[in-house]
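Enquirer: So the protein sequences, as listed, match chains A and B. Just so you know, we're using the working numbering here: the first sequence kicks off at 19 and counts up by one. Just so you know, we're using the working numbering here: the second sequence kicks off at 957 and counts up by one.
Quick caveat, the hints were computed from the structure, so don't treat them as lab data. Zero decoy hints are in this set.
Listed below are the simulated BS3-like cross-link pairs for lysine-lysine, each with C-alpha atoms no more than 25 Å apart in a straight line:
#1 B:K1554 / B:K1255
#2 B:K1834 / B:K1395
#3 B:K1278 / B:K1554
#4 B:K1729 / B:K976
#5 B:K1179 / A:K161
#6 B:K1493 / B:K1331
#7 B:K1493 / B:K1395
#8 B:K1176 / A:K170
#9 B:K1331 / B:K1436
#10 B:K1176 / A:K161
#11 A:K143 / A:K161
#12 B:K982 / B:K1336
#13 A:K46 / A:K153
#14 A:K161 / B:K1098
#15 B:K1729 / B:K982
#16 B:K1179 / A:K170
#17 B:K1439 / B:K1493
#18 A:K143 / B:K1179
#19 A:K170 / B:K1098
#20 B:K1729 / B:K1336
#21 B:K1255 / B:K1278
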Amino acid sequence: MLSFLQGFWVILKHTFRKRETVLYPEEKIYLPPRFRGRIILSRDPDGAERCVACHLCSSVCPVDCIALQAAEDETGRRYPEFFRINFSRCILCGFCEEACPTAAIQLTPDFEMAEYLRENLVYEKEDLLISGPGKYPGYNFYKVAGLAVGGKDKGDGENEETPVDVHGLLP
Amino acid sequence: MPMDMTEPTNDWVTIHIEGKPFRADKSQNLLHACLALGFDIPHFCWHPALGSMGACRLCAVKRFRDDQDTQGEIIMSCMTPVSEGLSISIHDPEAAEFRAAVIGWLMINHPHDCPVCDEGGECHLQDMTVMTGHAAREYRFKKRTHRNQDLGPFINHEMNRCIQCYRCVRFYRNIAGGRDLNVFGAHDHLYFGRHENGTLENPFSGNLVEICPTGTFTDKTQKAHNTRSWDLQTAPSVCVHCGLGCNTLPGERYGLLRRMRNRFNSDINGYFLCDRGRFGYEFVNSLRRIRTPLFRTGKESPQVSTDMNQALSSAVGILSNKDRVIGIGSPRASLEANTALRSLVGKDRFHAGFSETENRLMTLIVQIMSDGPVKTGTLKEAAMADAVLVLGEDVTVTAPRLALALRQTVFSHAVRCAERVHLPAWDDVGVREVAQDDKGHLFIATSQPTDLDDAARSCFRGTPDEIVAFGFDVHARLNKARKNQEDLAEPDGMYHSVVTAFQNARRPVVIAGLSSGSEAMIKAAANIARNLAEQGKDVRLIFCVPECNSMGLALLNGKSLESAIDAVNRNLADTVIVLENDLFRRTTSQNAEFFLQKARRVIVLDHLQTRTTAMADLVLPVSTFSEGNGTLVNNEGRAQTYYGVIAPDNSLMESFRVLNRFNGSGPDDPSTSRNRDAVLQDLAEDLPVFAPLAEPHAPLAFPVPSGKVPRQSFGYSGRTAMNAHVSVHEPRPPEDPDSLLAFSMEGFDGSAPSDLVTRFQAPGWNSVQAVFKHQTEPGGPLLEESSGRCLLFPAEENDASYFDHHDPCEISETELRPVIPLHHLFGSDELSMAAPAVASLAPAPYVALSPSDPLADCDTVFLSFNDETIKVPVKVVKDLPPRAAGIPASVPGMIPGPLPGQCRLSREGQP
Ligand code: SF4
Ligand code: SF4
Ligand code: SF4
Ligand code: SF4
Ligand code: FES
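From just these sequences and the hints, can you work out the full model?
Expert: Okay, here's the thing in structure tokens:
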């Protein structure tokens, strides 16, 4: 009997508390920047595509919903020829973002992606690529990598010596 | 020093690892022994095929003097012989710290490249870094960088990634005999490369991709369509670019063949492939592929594409009158395909698709190999031989991997020298010091200088007829030497050294082949081998055959192409089925054109467009080795199975399936779905030589409790996205009724017989170094090694006798010159020439003349044979017999068709 009364009392108290439910969609809720929602591909500070098509995100994805193919431009810079995420499979676990060595793939605080057709949840690179660097404004992978690409020769990277050349070595 | 060069002594002792006793082989070094026992010791510079050098200092372990010794000392396990009572610790904290420090030092300069490095995911350096526990670069100062070199169409160079382990130069110079790769510079400015930009010259340069533990040397053809190793669909396969049947591991992604890797096999290719085999794969992706059936209504109308069902019903219509149909098989089509054709047209109307000469020579080889008494040899046996005679064959271009094996005879010889001073075989530097320039006993008799000459003790140069005479002479002198009536007239001459070497040898090898087109050459080799066998020597006879299934086709006893032409000419037949064969390579253009015009209807099954498919009334696309399964018989008579890596679809079938449907049955008819085993069983009943194929292949009887062996790795990615642009519903994996392999990530994960192993990988070992985890010991045979089934066994009892030497017919007409066929690694093989990288290295047309030739001063001459005349540049080749004309075989721009015995040359302006 006593426990019944206790229960009623708790419920009664809650009736007068501040409401957690908001009138979505008229009213939006706050989502912190690290919320794991819709996935995007970002660009580096120079505006070039960040993704270097290393396949780490696709390999770490537990539902295997990322597929891509690597390609290389004439200056030796790697980029994904296509990059596809099947959001009808994605569980928004964020593993891809953690695996990405270039900060290209990022999860954003946007979850409003519902569709009537599953097909429409298949996002291609055009749908994923945004025009800025997202959460990591300063990072530019090619500046710290050893590869020479367009606009960055051997030795021009951060903390690099001038390159050794086979001709300079001959006696 | 290659481990497979040495015979295990089986001298077992007890060593203690972490205080526990283990048995180890005394002839090995400690690293080898520990790896064989299943311990993981990080290492870079040691490799089972290279031996020890002690350059990288990564294989450090602790050694304790005795039970009292708790301090111990750090030693390099790869430089320490196994000895009784040796007590070591691998996990000792100091040793572990030392190894992590070695990696730490390497990382001072290692670039931050893994995401854009093609080695990533199968990088030995990555594995070793993880294994030693090194995690973060602590050095704050600048990184060294390097300029790269352009090393040609096969190899990409990214020198920043080098860790100075010296494996590349040791392989390239010591094993492959290359001279244009070296190490330059000193102290921390070492540079591994060429003295200047340029294509790597050695025919085995592609192995740098696998031997280099980092991404310094990577596969440039793969780079153009790169895929991570874990994303590749792989399956055991067999190389289709020559007759040796090296084992390969092709990799597929999104329907495109992405790369070719070596698949270790202790008897044949070991760790290495030739560049034709490694880079020729791109013909599969070539624009010359036939993807849809082509049909034309009459000889004059153009070919139009049609669909497969339509094409099959037209084929059934064309073939309604079975009595007038003949079939032409192919030495580059699988045994199943040739067999299916043979059953379809009947054995009397089955033509092998060899030219007359080739058919005769292949038949002779089969006869010699089955009559005995000499056994045919594997490449491993060739590498261990203590005396070798090559008769008339430039093996580097006709059976490339054999040339690499023959180079190893020099090293096996060095190992024997080192044994005398009690130096272990694995001490690479020591063994080489002992042997100095002492070569083995390799003797080469060819008409042209060869790439292997530098490894030979001496070379004989002459026309093919002179080489034949030389061969018969060696045989005669061996006979005399046997009877002690030795009169070796010129004791310094080559006869003397060949005969002496053979007299002293225990395991001699004799090699000949088809490239000179001479029957007598093969007979001479057979005589010598037989002679040695009768002296009780463990002799081997190796024949180089031109194509991947030449031997299988020869065993089917077909008639030659010429007899097919004759049959059509005499109106005995009017409908022809050509199976994966370009007739213009086998006979003169005139003959081929006449034949294809004269036959009322011509059906061609092929995967590449050729001049033959262009003249066909019905062309049916068929799969290559990468899209279907099949059997190839290599030069030893070993039947090996290849499994496709590209999932089959309805429009592209294996030839034997297409042929099965020519009898009018629908796709669901049981006779149509007859699988490979049924085809081979019928064959085994028909021809006794194929009896070993009657039983389903051992692996097919192999129990697979958890499903078939997956072609995809457990890390295969993108499964739910790769087809999502077509349909969001993931398709079920395609069936493969013909094999125990599945196009799936799931299935059997235990240890499968070696010819069902789809990838080499082990926990902690993701690079190609993981092969040792699949071997009985590093460098030894694979676990459950079952590489194919042998079809040819020399008869126990044999009454065959020696061949006689008939003097060659003299060339009467003086303007006619003897032709020396010159084969090219890149250029003479049909399929690899459809791979752009290989084609880019093919030679331009030329004719080779000796310096003494009166025409040698011309820039160009007119060359005529096969009723055609072309103008070609002259190339002067030292050592070519005077008056002979060296003609590149099957090189684009030359007169097509087989090379004749003689040709005509004339100066410009003269008729
Ligand atoms: S992990 Fe990053 S860089 Fe690599 S493929 Fe994915 S998005 Fe591109
Ligand atoms: S060589 Fe290995 S460790 Fe170095 S960048 Fe390439 S994958 Fe990474
Ligand atoms: S290039 Fe590769 S094999 Fe050669 S020394 Fe460097 S890391 Fe070793
Ligand atoms: S030697 Fe012959 S079989 Fe071996 S890889 Fe080269 S072409 Fe292929
Ligand atoms: S493996 Fe022993 S020093 Fe390199």
